[in-house]
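There are 2 protein chains.
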Amino acid sequence: MTMTEESILGPRRYRNAEAMLASADPVWQAAAANGLIGVTVDSESNNRLTVRETGHEFANMVSCSYLGLNNHPAVLAGAVDALTEARGTSLVLSTTRIRHNLLVRMEEELGELFGANILPGASCTTLTAGILPLIASGHLDGTCQGGGGPRVMVFDRFCHFCMAYMKPICADESLVLTCPHNDLNYLEDICRKYPRVAYVADGAYSMGGTAALDGLLELQDRYGLFLYIDDSHSLSIAGERGEGYVRSRLEMNPLTVITASLGKAFGTSGGVAMLGNREQFEFLHRHAGPIGWSQNIPLPMVGASLASAAIHRSPELAELQGALARNIELFDELLPTTFAGNGLPVRRVDVGEAERAVKLSAQLFERGFYSSAVFFPIVPKGEAGLRLMLRADMDERLIREFAGHVKELTADL
Amino acid sequence: MTMTEESILGPRRYRNAEAMLASADPVWQAAAANGLIGVTVDSESNNRLTVRETGHEFANMVSCSYLGLNNHPAVLAGAVDALTEARGTSLVLSTTRIRHNLLVRMEEELGELFGANILPGASCTTLTAGILPLIASGHLDGTCQGGGGPRVMVFDRFCHFCMAYMKPICADESLVLTCPHNDLNYLEDICRKYPRVAYVADGAYSMGGTAALDGLLELQDRYGLFLYIDDSHSLSIAGERGEGYVRSRLEMNPLTVITASLGKAFGTSGGVAMLGNREQFEFLHRHAGPIGWSQNIPLPMVGASLASAAIHRSPELAELQGALARNIELFDELLPTTFAGNGLPVRRVDVGEAERAVKLSAQLFERGFYSSAVFFPIVPKGEAGLRLMLRADMDERLIREFAGHVKELTADL
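Those protein sequences? They're chains A and B, same order as listed. Number 153 in my numbering belongs to position 110 of the first sequence; there are no gaps in the numbering. Number 81 in my numbering belongs to position 38 of the second sequence; there are no gaps in the numbering.
A few of these clues could be false.
[What the hints assert, rightly or not] For lysine to any residue, the following SDA-like pairs were computed, each having C-alpha atoms within a straight-line distance of at most 25 angstroms: (1) B:Lys402 <-> A:Gly335; (2) B:Lys424 <-> A:Ser137; (3) A:Lys402 <-> B:Lys402.
Everything labelled a hint here was simulated from the structure, so no lab data went into it. Note that the structure is predicted; figures quoted are calculated from it, not measured.
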């Protein structure tokens with residue numbers, strides 16, 4: 044590196060593309076060379092995708108549509124209904140100013156379903172980008188516009204990229220720290236040292252496992268800890284009304300924000316933030332960056348969400364949750380992994396080295412199952428493996444076959 | 044502020060929520076008190092929105108659907124076709140790994156239409172969040188994976204929020220500067236001082252006006268200046284095939300990225316980055332953060348985009364562009380503003396103080412026209428005004444009436 048380059052080089056406090064690419068790109072390239080990246084398909088169902096050019100058929104073992112609602116006829120019909128009613132794809136202006144009644148209806152129905160004030164956004168990333176900096180600056184909670192002073196932002200080391208990505212933005216407003224995964228002692232030390240702290244984490248982690256929720260609620264109770272939790276991987280599948288792992292285990296309050304994607308088990312698109320009161324909704328509606336100036340959920344997908352909400356209110360939800368639970372149980376029985384028994388659908392088969400993960404994924408793909416090789420920076424170095432997700436719309440035979448192949452191919456481990 | 048608060052306060056180099064809220068929130072509150080914020084409506088067309096509770100009907104004068112394609116029957120039919128073909132809302136997994144053929148077809152068709160490699164994303168914000176840091180780190184251009192060293196990132200002072208918002212993330216990789224609007228001399232000085240520089244700007248600015256493109260291309264030619272331009276406000280309306288203001292005025296090359304929303308004149312949802320070569324597509328597909336781990340465009344909206352692309356290939360595009368041009372001309376004739384004659388649809392009627400802008404907007408709304416009061420931080424302090432956009436689907440009477448009301452209500456200025 045020349046002197047001029049050095050003089051402009053950033054501090055690389057929260058990211059380092061150079062180091063990340065040096066580690067990760069060769070593995071991505073290897074995955075691509077093994078035909079695992081940039082696969083293009085036609086779809087009949089989540090269990091049957093087809094590569095048009097070769098005719099290769101395979102089951103999607105990494106779809107986050109845990110209840111199969113992305114293929115539900117009523118959800119698709121909901122999208123068509125909204126197009127018919129609204130006669131348009133969108134109003135094409137900021138939802139801060141004008142919202143379509145279909146979107147308002149979605150906010151209300153999801154609000155009732157999940158027991159929270161619902162702020163919709165184009166995606167979870169959009170919501171997180173808009174909300175986190177205003178937690179850091181101290182303006183979301185308490186007196187809102189007054190601000191109670193900045194909050195120390197503690198990010199769980201394993202929290203999803205979409206949150207960790209915003210560290211530098213938060214750091215322009217307040218102190219940003221990274222906490223060992225689920226380390227409540229670390230977190231309590233920070234709470235003792237600083238009067239205002241926020242913790243940023245997943246509810247159900249995208250790579251498996253959950254937040255240490257009981258301990259977090261104790262810290263909230265004792266120190267006024269703010270909790271910002273992305274629970275995208277448990278919405279719809281946990282809770283009597285599909286309110287998710289976290290929401291079903293706490294009371295909403297002004298010191299908790301739960302975000303969740305509607306593009307996973309919920310089966311549609313966009314995301315929602317669950318908020319403790321209406322003032323926070325109004326405040327974020329005005330000031331949370333991309334939530335105001337970016338696109339929001341397009342109207343057909345709002346219609347699909349209304350249809351999915353109707354399913355959530357019906358007995359069908361419990362049936363689908365039950366089918367998923369049985370499939371998870373069966374898989375855990377056939378192939379016990381670290382997260383076995385936690386009732387959530389994300390499973391990881393650890394193989395250690397990235398190359399082995401890529402090879403295993405390629406072998407399974409050849410046999411008709413797409414599961415992802417995951418490696419750094421998706422998981423820590425040396426902890427590469429196979430990531431797969433169970434769904435309600437898999438049948439027993441599929442799960443038995445898949446587990447059998449994995450066992451055979453990892454017999455030496 | 045207590046000592047502890049001070050000790051955790053961030054440097055506020057690129058943002059300052061405290062100061063922004065102190066200036067802006069009272070005006071937003073005033074706008075809300077005047078019934079201009081959080082309006083909820085049913086829609087018949089862009090010219091006829093209705094507040095259900097009061098029956099108040101009004102024309103949307105701030106829709107960015109400049110060609111009216113958000114209401115085009117063929118675009119709506121395209122969404123339904125995709126649902127029928129794909130039998131699902133999405134594959135619900137990372138598009139880095141598997142893409143639906145409908146999305147691939149959209150990439151190809153838009154690639155042909157716009158003459159570029161097309162990388163789709165859930166929104167322009169998503170694309171910008173993913174791409175800008177890799178320009179800053181120096182990895183997008185040239186040898187890609189090797190990296191040519193970091194680039195000084197020069198953001199135009201008026202560039203859209205969605206880019207300015209990412210300054211702290213870029214600043215973790217490289218030096219970030221803010222340039223006076225369209226100041227080519229400033230930019231050339233930076234190019235002389237540093238070997239690698241990137242400029243971040245709008246093509247057609249969201250608040251009116253355009254980039255100083257000829258001068259920028261000269262600097263690119265002379266110094267290898269990287270150009271990152273968001274041209275959301277001219278896609279579809281400029282260029283023979285709707286390729287936009289910037290793309291129609293330059294040759295694609297590996298030192299230029301143009302992003303554009305599909306959620307404005309194009310009439311659908313999501314965004315695209317136009318890239319100079321396929322290597323950049325593959326590289327960003329693997330590494331550009333939210334483009335890989337976030338949602339992409341849902342399939343019904345991909346279908347809508349395919350239908351919009353078909354319109355772009357037909358003689359209808361020129362007809363719609365012509366209708367828009369005539370409406371812009373008529374408005375400029377009736378009510379000349381700073382940007383009169385530039386052929387673009389965004390107009391601003393300057394009134395100076397924010398309170399006056401809010402009052403004017405409220406008066407016009409009462410008379411059946413929603414145009415936005417814009418004020419700090421949307422525009423600089425003391426430059427508040429009324430923002431409005433012309434569209435192809437407005438008729439002459441509507442424009443004459445609206446201009447007449449504005450003239451009457453601002454006669455004293």
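Hints, verified against the model:
1. At most 25 angstroms may separate the alpha-carbon atoms for a hinted pair to count; lysine 402 of chain B and glycine 335 of chain A meet this at roughly 21 angstroms.
2. Annotation: proposed proximity of lysine 424 of chain B to serine 137 of chain A holds, straight-line Cα distance about 21 angstroms (limit 25 angstroms).
3. About 65 angstroms separates the Cα atoms of lysine 402 of chain A and lysine 402 of chain B, which puts this hinted pair outside 25 angstroms; it is violated.
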